[in-house]
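Quick mapping for you: the protein sequence lines, in order, are chains A and B. Under the UniProt record's numbering, the first residue of the first sequence carries the number 1, and numbering increases by one thereafter. Under the UniProt record's numbering, the first residue of the second sequence carries the number 1, and numbering increases by one thereafter.
Keep in mind the hints are simulated off the structure, nothing from the lab. Be aware that one or more of the hints could be misleading.
A few chain B residues that don't get close to chain A, going by computed Cβ distances all over 12 Å [as the list claims (entries may be wrong)]: (1) Met1; (2) Phe10; (3) Asp11; (4) Gly49; (5) His56; (6) Asp65; (7) Arg76.
Straight line, CA to CA, 20 Å or less: simulated DMTMM-like cross-link-like pairs of lysine to aspartate or glutamate [as the list claims (entries may be wrong)]: (8) Lys128/B <-> Asp125/A; (9) Lys68/B <-> Asp125/B; (10) Lys169/B <-> Asp125/B; (11) Lys128/B <-> Glu182/A; (12) Lys128/A <-> Asp225/A; (13) Lys128/A <-> Asp225/B; (14) Lys128/B <-> Asp65/B; (15) Lys128/A <-> Asp65/A; (16) Lys128/A <-> Glu182/B; (17) Lys224/A <-> Asp125/A.
As the structure is a prediction and not an experimental result, all values here were calculated from the model. The beta carbon of each residue, even a glycine, is placed where N, CA and C say it ideally should be.
2 protein chains.
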Amino acid sequence: MTRWRLTVEFDGGPFMGWQRQDHGPSVQAALEQALLQMTGEPAVVHAAGRTDAGVHALAMTAHVDLAKTVSEHRLREGVNALVRPQPVSVTAIAQVADDWHARFSCIGRRYLYRILNRRAPPALDRGKVWHVPVDLDASAMGEAARHLVGRHDFTTFRSVHCQSQSPVKTLDQLTVEQAGEEIHIRAAARSFLHHQVRSMVGCLAMVGRGRWAPDDVRAALEAKDRQALGLNAPPEGLYFVEALYP
Amino acid sequence: MTRWRLTVEFDGGPFMGWQRQDHGPSVQAALEQALLQMTGEPAVVHAAGRTDAGVHALAMTAHVDLAKTVSEHRLREGVNALVRPQPVSVTAIAQVADDWHARFSCIGRRYLYRILNRRAPPALDRGKVWHVPVDLDASAMGEAARHLVGRHDFTTFRSVHCQSQSPVKTLDQLTVEQAGEEIHIRAAARSFLHHQVRSMVGCLAMVGRGRWAPDDVRAALEAKDRQALGLNAPPEGLYFVEALYP
Numbered sequence: 001m002t003r004w005r006l007t008v009e010f011d012g013g014p015f016m017g018w019q020r021q022d023h024g025p026s027v028q029a030a031l032e033q034a035l036l037q038m039t040g041e042p043a044v045v046h047a048a049g050r051t052d053a054g055v056h057a058l059a060m061t062a063h064v065d066l067a068k069t070v071s072e073h074r075l076r077e078g079v080n081a082l083v084r085p086q087p088v089s090v091t092a093i094a095q096v097a098d099d100w101h102a103r104f105s106c107i108g109r110r111y112l113y114r115i116l117n118r119r120a121p122p123a124l125d126r127g128k129v130w131h132v133p134v135d136l137d138a139s140a141m142g143e144a145a146r147h148l149v150g151r152h153d154f155t156t157f158r159s160v161h162c163q164s165q166s167p168v169k170t171l172d173q174l175t176v177e178q179a180g181e182e183i184h185i186r187a188a189a190r191s192f193l194h195h196q197v198r199s200m201v202g203c204l205a206m207v208g209r210g211r212w213a214p215d216d217v218r219a220a221l222e223a224k225d226r227q228a229l230g231l232n233a234p235p236e237g238l239y240f241v242e243a244l245y246p
Numbered sequence: 001m002t003r004w005r006l007t008v009e010f011d012g013g014p015f016m017g018w019q020r021q022d023h024g025p026s027v028q029a030a031l032e033q034a035l036l037q038m039t040g041e042p043a044v045v046h047a048a049g050r051t052d053a054g055v056h057a058l059a060m061t062a063h064v065d066l067a068k069t070v071s072e073h074r075l076r077e078g079v080n081a082l083v084r085p086q087p088v089s090v091t092a093i094a095q096v097a098d099d100w101h102a103r104f105s106c107i108g109r110r111y112l113y114r115i116l117n118r119r120a121p122p123a124l125d126r127g128k129v130w131h132v133p134v135d136l137d138a139s140a141m142g143e144a145a146r147h148l149v150g151r152h153d154f155t156t157f158r159s160v161h162c163q164s165q166s167p168v169k170t171l172d173q174l175t176v177e178q179a180g181e182e183i184h185i186r187a188a189a190r191s192f193l194h195h196q197v198r199s200m201v202g203c204l205a206m207v208g209r210g211r212w213a214p215d216d217v218r219a220a221l222e223a224k225d226r227q228a229l230g231l232n233a234p235p236e237g238l239y240f241v242e243a244l245y246p
């Protein structure tokens with residue numbers, strides 16, 4: 001039995017999310033099906049994070065145990081050939097120790113959220129950005145973001161479906177950067193609550209369009225109440241960037 | 001009658017190219033159909049350049065004459081609403097003089113070519129880059145590119161379908177830059193022959209993978225013979241970046 005670490009890029013558009021679902025395609029099922037075809041073994045692929053429907057990944061980390069002996073090169077090439085035409089690509093692969101776990105060994109997760117902030121809708125990046133057609137004030141959004149960094153009870157920014165034991169998380173980074181016509185929001189933490197990044201981005205957008213003052217984000221945080229949420233940003237602008245390990 | 005200048009972003013994937021065709025969808029037809037629905041006028045949209053099937057545009061410039069009186073805002077919003085779901089977006093619009101012409105007034109055109117140079121196929125940028133899975137030497141490609149800059153007979157780099165009166169063109173810029181996993185080739189000239197950018201990129205890729213020496217590109221140019229062409233790069237990596245006017 002060999003444990004393999006996979007680095008996976010995917011376009012979340014056609015998927016119900018990372019996790020295997022009965023009612024539609026998932027990234028996990030796409031990879032498991034390709035591995036089954038290649039090795040004949042039904043194997044479970046574990047990821048560092050379970051992304052929602054429509055959320056993309058630049059480099060999700062996952063692992064899988066395989067009995068079959070195969071080279072790194074052949075495994076990566078085989079999975080990439082068999083997973084087509086689904087938009088999933090294994091960009092790197094390596095053998096890891098048997099006790100290494102993509103989810104439980106992970107000590108940090110990074111996300112990027114892309115807002116296209118112009119009047120005209122996207123043609124080239126359709127489904128890859130959140131299109132906000134009204135002017136956003138990125139500097140006010142950056143000021144609001146600073147209220148969320150640190151250790152807090154993030155109940156306001158937590159989905160009702162969240163399975164985390166505690167709403168208390170430490171947000172290490174939340175930055176807002178104007179990049180041409182886009183606004184990029186970067187978030188880093190050991191772990192996130194379900195919908196936390198999209199909920200934070202939604203509130204920052206309320207500030208960006210002037211409906212909220214930067215301090216209103218602090219008030220929403222302190223309310224510890226999902227009803228205080230301004231807006232949940234849509235999934236198509238969100239990218240899982242990287243999982244960090246010791 | 002008002003002449004309007006349109007700046008157009010499009011994903012070339014689903015189109016037979018810019019120009020109206022009998023046998024399939026085109027960007028021109030998509031825009032003309034939206035304008036017809038909006039104004040009731042059958043109008044011809046003229047572009048700075050006629051891109052091939054699969055080629056994208058970050059900012060194509062075009063013009064159209066309309067009798068109907070309409071505000072800039074309403075015209076842009078109306079076209080963008082009516083052109084959906086086709087991946088075409090009018091990003092800017094302005095009134096111009098009656099003798100201004102998107103094609104004939106244009107004094108410069110810029111293209112970008114994106115190569116994804118890694119083993120794994122693209123998941124997020126499928127159809128938006130040329131995937132070259134073998135290592136390319138960007139610095140050798142840059143050296144080869146310098147042989148093509150300047151005024152030359154580009155017969156080697158010209159499609160048999162090219163309608164230009166002369167194969168002699170002045171290439172103002174051809175640069176090669178490594179950008180993470182991508183190689184970006186930027187080309188600028190007053191005008192280009194049909195397939196010129198893709199033909200030049202194809203030869204640079206021959207150099208990049210070591211099949212050609214940089215000097216072989218000069219020899220191919222001097223041959224003035226289409227048979228001397230190494231390879232025509234595929235359309236999906238090519239972007240019309242900008243048209244310049246006095």
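Against the structure, the hints:
No beta-carbon of chain A comes within 12 Å of the beta-carbon of Met1/B; the shortest separation is about 25 Å. Not every C-beta of chain A lies more than 12 Å from that of Phe10/B, the closest at about 5 Å, which undercuts listing it as non-interface. Distance check for Asp11/B against chain A: the nearest CB is about 5 Å away, which does not clear 12 Å, and the non-interface claim fails. Consistency note on Gly49/B: stated as away from chain A, and its beta-carbon is indeed over 12 Å from all of that chain's, at 17 Å minimum.
Its beta-carbon lying about 6 Å from the closest one in chain A, His56/B breaks the requirement of being farther than 12 Å from that chain. Interface exclusion of Asp65/B from chain A stands, the closest Cβ pair being 22 Å apart, more than 12 Å. With a cut of 12 Å on Cβ distances, Arg76/B falls inside the contact zone with chain A, its closest approach being about 7 Å. Simply put, Lys128/B and Asp125/A have alpha-carbon atoms about 10 Å apart, close enough for the 20 Å limit, and the pair holds.
As the CA atoms of Lys68/B and Asp125/B are separated by approximately 40 Å, the hinted pair breaks the 20 Å bound. For the given pair, Lys169/B sits about 32 Å from Asp125/B by alpha-carbon distance, which is inconsistent with the 20 Å threshold. Taking the CA atoms of Lys128/B and Glu182/A, the gap is near 19 Å; set against the 20 Å cutoff, the hint holds. Among the hinted pairs, Lys128/A with Asp225/A is inconsistent with the structure: their alpha-carbon atoms are about 30 Å apart, more than 20 Å.
Between the alpha carbons of Lys128/A and Asp225/B the distance comes to roughly 42 Å, so the proposed pair goes past 20 Å and is violated. Simply put, Lys128/B and Asp65/B have alpha-carbon atoms about 32 Å apart, too far for the 20 Å limit, and the pair is violated. For the suggested pair Lys128/A and Asp65/A, the alpha carbons sit about 32 Å apart, so the restraint of at most 20 Å is broken. Restraint check: the Cα-Cα separation between Lys128/A and Glu182/B comes to about 19 Å, which is no more than 20 Å; the hinted pair holds.
For the suggested pair Lys224/A and Asp125/A, the alpha carbons sit about 35 Å apart, so the restraint of at most 20 Å is broken.
When the structure is compared with the earlier hints, violations turn up for hints 2, 3, 5, 7, 9, 10, 12, 13, 14, 15, 17 and for no others.
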